[in-house]
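Student: So the protein sequences, as listed, match chains A and B.
Numbers 1 to 171, taken from the numbering used here, label the letters of the first sequence in order.
Numbers 172 to 479, taken from the numbering used here, label the letters of the second sequence in order.
Errors might be hidden in some of the hints.
[As the list claims (entries may be wrong)] Restraint-style ranges between C-beta atoms, simulated for each label pair:
| id | chain 1 | residue 1 | chain 2 | residue 2 | range |
| --- | --- | --- | --- | --- | --- |
| 1 | B | Gly365 | A | Gly26 | 24 to 30 Å |
| 2 | B | Ala278 | A | Glu99 | 42 to 48 Å |
| 3 | A | Arg143 | B | Gly283 | 44 to 50 Å |
| 4 | A | Thr128 | B | Ser277 | 53 to 59 Å |
| 5 | A | Ser131 | B | Arg459 | 54 to 60 Å |
| 6 | B | Gln191 | A | Thr33 | 35 to 41 Å |
| 7 | A | Ser131 | B | Arg303 | 46 to 52 Å |
| 8 | A | Glu65 | B | Gly365 | 21 to 27 Å |
| 9 | B | Pro329 | A | Glu65 | 20 to 26 Å |
| 10 | B | Pro383 | A | Ser131 | 32 to 38 Å |
| 11 | A | Glu40 | B | Arg260 | 26 to 32 Å |
[What the hints assert, rightly or not] Within a straight-line C-alpha distance of at most 20 Å, the following computed EDC-like cross-link-like pairs (lysine to aspartate or glutamate) qualify:
| id | chain 1 | residue 1 | chain 2 | residue 2 |
| --- | --- | --- | --- | --- |
| 12 | B | Lys238 | A | Asp122 |
| 13 | A | Lys43 | A | Glu138 |
| 14 | B | Lys267 | A | Glu77 |
| 15 | A | Lys43 | B | Glu257 |
| 16 | B | Lys238 | A | Glu84 |
| 17 | B | Lys267 | A | Glu138 |
| 18 | B | Lys300 | B | Glu474 |
| 19 | B | Lys267 | A | Glu58 |
| 20 | B | Lys267 | A | Glu84 |
| 21 | A | Lys92 | A | Glu77 |
[What the hints assert, rightly or not] Pulled from the structure, derived: some chain B residues nowhere near chain A, Cβ distances all over 10 Å:
| id | residue |
| --- | --- |
| 22 | Ile302 |
| 23 | Val367 |
| 24 | Pro383 |
| 25 | Ala394 |
Simulated from the structure, these hints should not be mistaken for lab results.
Note that the Cβ used here is the ideal one computed from N, Cα and C, for glycine as well.
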Amino acid sequence: MYRVIGALLIVVCTAVLGFGGVLRLGRRVRNLTGLVSALEIMKGEICERLTPMPELFELLAGTMEGPVAGLFQACGEQMTTLGESSMYLIWKSAVRSAEELELSEQEARTLTEVGHVLGRYDAEEQRTAISFAIRRMEGCLHRAEEEKRAQTKVRAALGVTAGLFVVIILL
Amino acid sequence: MKDTYYRIARFDGAVELLPQSIRGAARFLDERDKEQAEELRLRSGHIPTVLLPSGEKELGGGAVTQKELHGVLEIASGASVHTVRECIRNGFVTAKGGYRIGVCGSAILREGAITGFRDISSVAIRIVKEIRGAADSVMDQLTGSDGSIAATLIVSPPGAGKTTLLRDIIRQLSERGVRVAVADERGELAGMLGGVPQMDIGARCDVLDGCPKAEAVLMLLRAMNPQIIAVDEITDPRDAAALSSAVHCGVSLLATAHGESIADLRQKPLYRDALQAGLFRKIILIRRQARGRAYQVMDVEAEICTGS
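Take the sequences, apply the hints, and build the full model.
Tutor: Okay, here's the thing in structure tokens:
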């Protein structure tokens, strides 16, 4: 009886590990989708409505969800430190601290680079830079979706199979 | 004492617009200078100064850098240069609290119009102060027996308090329930930020800012059904023509003009013509005194038309 329970526990644990990886891939896709949407909104607000950055961060913190909203909330809260810090440093620090976004180094770098132009140049110059960032982030999103598609079944199956393999060896 | 606290608080507010590296030097200024400070001036490569009634005084610290000058604009605009680009083209930015930051540097010209500055060489942070009650002594003289307000031109040399007086007249009229429309081209009267006046101009004011006065007056006339239109500093014949249209629509005017005296006004065709055309019924002449200002209210008919 104990053996069966033990075997089941091992299979469940390894399966959870496998499905955890699958969930992480799902979260990454969700976060990247949110970031691309947020960048689109930023572009529209900056270029069409000339929205000031503090108002824009507040808007995005309220509109977006989860870690993406957290990124803009952190930026908004730090805007009071202008003078001690710069817009670029505020943005960079918020991106680098947003671990829940689960960004790769390339994705984080792409986002950080947008900070060089945010609020610093004319709307049209910002449009160019944000559009470029959107294209790159969309590329990252496609790769994350591909990875999710390819890895979901593999990781789930690997989790269960690894459990079964351990059980067989132990028995 | 309350006035002293207010003036020092206004100075401290202006210091918040400086980059961290310069704030320390400004905070060490003695309280009397803080109270009297009119502007903070930053020039690239020079020690920052404060403008006092007696002249400019160095704040100490190091020479101002380009980065620090750009930092002032970043703070003043809330890191949103795109939002204030039109203002920068006109040479100034209005910051939270109604502070006006004048910008100077190497202009970028496109098709003959300034589109911005490549390098900023200096900025001047003007410490605009509201003086509630500044107009107390003149309000009765501007009000007719039927409660109507005489169209009034406020005249003084630069820096003598025309805008401060005009703002308080607007506030007092607005609080009485009069609909006042303000054409605030340079943002000095209301100091609009995010749609909210940073200065107290009363609850019944409609403000159109950042728009050339002549166009703003006509827009306000069409859109807001004002009883009074207020404008700061008439300098162009088109302003006078727009004000003339307003008068013909039955709207009263409040305006300011640079001038030393009535004789000075008579010599300037723009003002002479406006007064002779009957755009204004009263003139307030402001004179600086050892302590405060003196306001002299005169009838246009007696002073200009008969004098010419």
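Student: Which numbered hints does this structure break?
Tutor: Violated: hints 1, 4, 9, 17, 18.
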